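There are 6 protein chains.
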Amino acid sequence: MSSTLPGAVSSVDSIRLALRSWPEVDDYLNDCKGIILPIGSTEQHGPTGAIGTDALTAEAVALEVGQRTGVLVTPTQAFGMAEHHLGFSGTMSLQPATLLSVLHDLILSLARHGFERVFVINGHGGNIATAKAAFTQAYSSAASRGLAAAPKLRCKLANWFMAGPVFREARDLYGDQEGQHATPSEIALTLHVEPSLISKQRPLDPPAPAGPIHGPEDFRRRHPDGRMGSDPYLAQPQHGASLLDTAAAALSEDLANFLSAS
Amino acid sequence: MSSTLPGAVSSVDSIRLALRSWPEVDDYLNDCKGIILPIGSTEQHGPTGAIGTDALTAEAVALEVGQRTGVLVTPTQAFGMAEHHLGFSGTMSLQPATLLSVLHDLILSLARHGFERVFVINGHGGNIATAKAAFTQAYSSAASRGLAAAPKLRCKLANWFMAGPVFREARDLYGDQEGQHATPSEIALTLHVEPSLISKQRPLDPPAPAGPIHGPEDFRRRHPDGRMGSDPYLAQPQHGASLLDTAAAALSEDLANFLSAS
Amino acid sequence: MSSTLPGAVSSVDSIRLALRSWPEVDDYLNDCKGIILPIGSTEQHGPTGAIGTDALTAEAVALEVGQRTGVLVTPTQAFGMAEHHLGFSGTMSLQPATLLSVLHDLILSLARHGFERVFVINGHGGNIATAKAAFTQAYSSAASRGLAAAPKLRCKLANWFMAGPVFREARDLYGDQEGQHATPSEIALTLHVEPSLISKQRPLDPPAPAGPIHGPEDFRRRHPDGRMGSDPYLAQPQHGASLLDTAAAALSEDLANFLSAS
Amino acid sequence: MSSTLPGAVSSVDSIRLALRSWPEVDDYLNDCKGIILPIGSTEQHGPTGAIGTDALTAEAVALEVGQRTGVLVTPTQAFGMAEHHLGFSGTMSLQPATLLSVLHDLILSLARHGFERVFVINGHGGNIATAKAAFTQAYSSAASRGLAAAPKLRCKLANWFMAGPVFREARDLYGDQEGQHATPSEIALTLHVEPSLISKQRPLDPPAPAGPIHGPEDFRRRHPDGRMGSDPYLAQPQHGASLLDTAAAALSEDLANFLSAS
Amino acid sequence: MSSTLPGAVSSVDSIRLALRSWPEVDDYLNDCKGIILPIGSTEQHGPTGAIGTDALTAEAVALEVGQRTGVLVTPTQAFGMAEHHLGFSGTMSLQPATLLSVLHDLILSLARHGFERVFVINGHGGNIATAKAAFTQAYSSAASRGLAAAPKLRCKLANWFMAGPVFREARDLYGDQEGQHATPSEIALTLHVEPSLISKQRPLDPPAPAGPIHGPEDFRRRHPDGRMGSDPYLAQPQHGASLLDTAAAALSEDLANFLSAS
Amino acid sequence: MSSTLPGAVSSVDSIRLALRSWPEVDDYLNDCKGIILPIGSTEQHGPTGAIGTDALTAEAVALEVGQRTGVLVTPTQAFGMAEHHLGFSGTMSLQPATLLSVLHDLILSLARHGFERVFVINGHGGNIATAKAAFTQAYSSAASRGLAAAPKLRCKLANWFMAGPVFREARDLYGDQEGQHATPSEIALTLHVEPSLISKQRPLDPPAPAGPIHGPEDFRRRHPDGRMGSDPYLAQPQHGASLLDTAAAALSEDLANFLSAS
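Protein chains in written order, with this note's numbering: chain A, 845 to 1106; chain B, 845 to 1106; chain C, 845 to 1106; chain D, 845 to 1106; chain E, 845 to 1106; chain F, 845 to 1106.
Calculated directly from the structure, the hints in this document are not laboratory data. Treat the hints with care, as some may be off.
Put simply, identical chains are the same to the list, so a pair is met inside one copy or across any two.
Straight-line C-alpha distance at most 16 Å; calculated EDC-like pairs for lysine to aspartate or glutamate [unchecked claim]:
#1 Lys996 <-> Asp1062
#2 Lys1000 <-> Asp870
#3 Lys1000 <-> Glu1097
#4 Lys1000 <-> Glu1013
#5 Lys1000 <-> Asp1098
#6 Lys1000 <-> Glu1038
#7 Lys1044 <-> Asp1016
#8 Lys1000 <-> Asp1089
#9 Lys1000 <-> Asp1062
#10 Lys1044 <-> Glu868
#11 Lys1044 <-> Asp857
It should be emphasised that the depicted structure is a prediction, and the values quoted were computed from it without experimental measurement.
Here chain A stands alone, though its shape is the one from the complex (with noise of 0.2 Å):
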């Protein structure tokens, strides 16, 4: 079954699954079976990037999108894999089989009270790879539990900094100073977000550029401040509102999409 958005709302709090109580949640499965789960990492950005960036990106971006679409928003997994960032004070980070495990429990137990599209909002590039295992691997066990919504069961990763427009809107603003780690881009939208955070930013020495990702002595060694190619100075406020805008456009159409889909 495929499921239409139930519409915008006025208030986030209404899509926030933190704020509702079950018997609400059974209603709301009635109309739409889709749900937005955010996803981020707890580490480094930089000299003067704020530890939470991911978290608090793929928040405010899933709760963006909720309030557009209607559809509900669990609580942010603020924790994800930064193994390659310990090097640096403040990073906390899941191992890959761990993060496997946290979302393959979550989507497990979304899908056994029928919630059949997990739309998942990610802000930490780290994440990709253990989060497409993990679908797999919820997929697989919720054939072999025999739940009901197993047939129908599929998960999406929607990360907000890769969508087209975003990724565009961030080149004409900062050109090649995006960089890859500690982009401008995502600084911007912790500004807007998180004003305290404004009075962090100075003029920074020019990065080390953007390379592999190894282990944690090995990314230290090449990014001796934690940027990979960015200046984060570029980031404003203002910025930041506005790729919030375009990463909530355009997630809100490709959820649409994903619940819509036969």
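Once you've looked at the hints, dock chains B, C, D, E and F against the given chain A.
Frame of chain A; chains B, C, D, E and F shown alone:
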């Protein structure tokens, strides 16, 4: 080495790890080796309670304790072990083995950076057993991996709702109608921090009595609306404000003792 | 379905699962769906206490409860979670994840045969967290595998040393010198069931005080001879006989309630 | 370093690790780095055999070998890998992956204390494969964790019922009616150590022939009463006494060679 | 330390690790720290394609790259993550967690010997996510175990079918009929290396269009004959020869860059 | 249901699963429920033997058995459990728990398609224990998942080098110099199937004697050049041809019995 508390801060933002940069965490570690890790759960809380109750309350208490003591607060692990609530829509549960791995990995990440005292503020009874098992596994791994912080690593589980003063205040307010799940005290705290929830409050039929907790089918059979002996309609936002104050005071003292203990 | 107790038996042999044949177990299941599973630990118990204390005591109590109630007693799982005692020679510990799997597998085996109530008599505090986590995992697996007994499966952890009457008797006998590890009450019970241990008793220096339990190095540093605030020299075999009687009476009542509960 | 046998002891109590204190184990390690670990199984043994046969026999042989050699004997791991017997009531089985973890953890615990030679006396054919896999995993972990004993750590599996002299004596006593499961030789040993079992003996119909072992349903279909080609009615307690003596002699010699081997 | 390529060899036998002896590998490591590890999959490839396509092609490309560069090629891991193809007979799949462990263990084995650069030539899109997760887990374990090669260990995933020149050549040859599974380009390569497959080629009905990949039931429903938008009848052996040459040229260059990168 | 052999085929290609399409496998399953799965190892084989010996030989035997019987042969799992050989360069080992999962997943895949008899032709002694453990785990999972083939699923391990006629022929050819690792018989088989290996043959010093196998350091200390009592210089290609014939004849008969057994 034992640590003393950094001291109260005026803004909650300054103790949120999510809003710190990695050099700021390095600086922090020069003065204090302690950190607060809030864990909750995403599970049914009766016909009127918010599914996010346990994460909302753990996070609120953790941030208040952080603000009063100056100790950093990590993002909240919003999903916990809630297998027995899976019979109710919206519950999202990690299996015990998964939660064990999550806490293990997070503690190991912190220990790698030199944190020696991890104060886990917990909002959900179902997490207690697994969290304690995870602490042991973390001590073993830290030693196996030869981490410098291994011999000094200590974790402590602080269940805010079981703190003596909180327990007494809840009994004073609600007597026997406090119950054991979807309790008016935790609901009151959510009404205080998420006022949109107030509109959900309504009188309810007498609850099923509290009883032992086994599998999800058994739980739902015993407790058809999800409550265990509680009357959450008694909850009022101002109770929540007071309970938050009481919990924060009690746990701040516990934290001070934990950090200063040899 | 709830069960009543089969009733006291004259010989302990008749309730030892190890001495039954499979057709006898089939017959038993026609009348009673309950079974007792003793778990202990193999770990240091101070300079004079037996390394097998926790398994010896759990087994002794379990057999006595079995004899008084007629409920079958499985062999004892002699190894438990004792990671924090690994700093002392002779300690043999299962990691939490391993013990979780052990109890999970044993409970699933029993549920497959139609046992619905598993009463775990435990002799070691360090097993409590993991055992509770294992119960939850077992309920989930029983349901996933579609076992007929799954909806009725219930496990209960009975820590003999924490039973109210036992606790009070130990306090009456030893006061503050009961302590928390290598306690005179558990040592007394071992002197009663293994008289060769009596010769090991000797006066000891005052013990290190009880304190929090972290990793093995920290434990040994805090408790150089393995005791936590206890004076096991106070233990006498006749105390052990009395404590065994008290524990068996208390747990037999708990078991009766557990089996008859709906 | 190779070890010589400590030498025969007059009382079995003195070689039971369960009855030793940790300082006594420290002393023991000054002279001998070897230890005996008995493992059994809790599984059906035909219509008249005891479910605990494999643990009872492994323990009896281990204690006898310990008494003759002075080598310490740990408590018995009473539960083994008995998945194929799960079609018969009372069987309690650990999955292969679980038993692998159990033996791994126990061996690592011993290696940590400085034990270098672990002699595993086994009473159940179904444990053999998993035990060998566990030894390999233990060697790897001991090296990964950098244990001092790692380079010298050796484990040896001693299946008492497969020792040459035992095998020959069983054939002499029972010929083809020894069979392969619920054999008269193992039953005889249980009649010797647990005389209450003698009353269970009765003539039985001819058994199903021994055959390959697959899953539990297949096993029960092939062997409807649980026996594989055996006539346990031939067993007599005095046979058990003799077989125990034969097994203990053979394994004591194996153990001496194992400890003295460079 | 970076390595340069050993240089082309005349016989493929000389770069097959399977045909080397251990002293030859020791010699090799004096000059080059790089190695090629081919991974494939064993899964349906439409009504006419070979089930071994992904392993056959990965191995062919790997051996050709090895011959051109002189870099050693390990045996092929012929089984990969193909859960979504399990609805078609003959598919043999490793679960994501299993494949993760396989690659982890193989990389750790290589790192132990001093290999620092592992170039994984992959023939199956479904392996990508899990392989990347495995690399991260391998970096972490190498560091945890204190391997000398740990700080320098790097793995790179080279999907031959996604290399730019291969992609362009396939589009030139087949246009939109390349599709996404059972593509004519991969089939052509198998016709080249296994001529017996040519007889299987026959015209097919238009394929189901490519679409998202979820569980096996969903996959078969969407793609009833296993193809995703492809017309493998267009494949010809001489195409395969050319594509192999193109792939080997592109990946040899990638490998040279990988080995020489600092 | 038991199966009869499909019968000899003229071309090896026709029994390689890798070269079949899924509809061909469907057809095959109408007639035969049996399949051959070759597993080897990638590990040192003395100073002159090929690292791939165990996979090369298992594959050669499997294909010959397949050709003679018409039973399908899957691709070879080239990596096995070789932890004890990790002290020699080029060895690539799966940990026991990993190999257990690999074989489990592959057998489950086959059972899902309706294969009921999996004949595992093995070239490496180190795989035996883990393979047997994996079979048991597979039977349990097949039943837990409710696969239709579960009650009939049977796996059999066929170690070609331990088949009676092979063993006798090797002893006739090489006497005591057959040894236990890097044996002339297995080397001869590789010389037959990979003639480039002949040039590696050279006289060697007397080998270290065979002995027990423990960890990798211990193995290398006991067996400095990797051999265990063997003189591989005695191997000749024509021996290999004969041994292959002998092995194939013996295993073809075993396979026929395995398939026809009720």
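Check your understanding: Using 16 Å as the alpha-carbon threshold, which applies to Lys1000 and Asp1098: within, between, both, or neither?
Key -> within (10 Å within a copy, 31 Å between copies)
Check your understanding: Is the C-alpha distance from Lys1000 to Asp870 at most 16 Å within one copy, between copies, in both cases, or in neither?
Key -> Intra 23 Å, inter 32 Å, cutoff 16 Å: neither.
Check your understanding: Under a CA distance limit of 16 Å, which applies to Lys1000 and Asp1062: within one copy, between copies, both, or neither?
Key -> Close across copies (14 Å), not inside one copy (32 Å); limit 16 Å.
**Study point:** Intra- versus inter-copy proximity for Asp1062 and Lys996 (alpha-carbon distance at most 16 Å)
**Key:** between (42 Å within a copy, 7 Å between copies)
Practice item. State whether the alpha carbon distance between Lys1000 and Glu1013 is at most 16 Å within one copy, between copies, both, or neither. Key: Neither: 23 Å inside a copy, 30 Å across copies.
Point to revise | 16 Å Cα threshold - placement of Glu1097 relative to Lys1000 | key: within (13 Å within a copy, 34 Å between copies)
Practice item. State whether the alpha carbon distance between Lys1044 and Asp857 is at most 16 Å within one copy, between copies, both, or neither. Key: between (30 Å within a copy, 12 Å between copies)
**Study point:** Intra- versus inter-subunit Cα pairing at 16 Å for Lys1000 with Glu1038
**Key:** Neither: 28 Å inside a chain and 30 Å across chains, both beyond 16 Å.
Point to revise | Alpha-carbon proximity between Lys1044 and Glu868, which holds within one copy, between copies, both or neither at 16 Å | key: Only across copies: Lys1044 and Glu868 sit 10 Å apart there, 41 Å inside one copy, limit 16 Å.
Review point. With identical chains treated as interchangeable, where does the CA-CA distance between Lys1044 and Asp1016 reach 16 Å or less: within a copy, between copies, both, or neither?
Key: Neither: 24 Å inside a chain and 46 Å across chains, both beyond 16 Å.
Check your understanding: How would you classify Lys1000 and Asp1089 at a CA-CA limit of 16 Å: within, between, both, or neither?
Key -> neither (21 Å within a copy, 36 Å between copies)
Comparing the model with each earlier hint shows violations of hints 2, 4, 6, 7 and 8; every other hint is respected.
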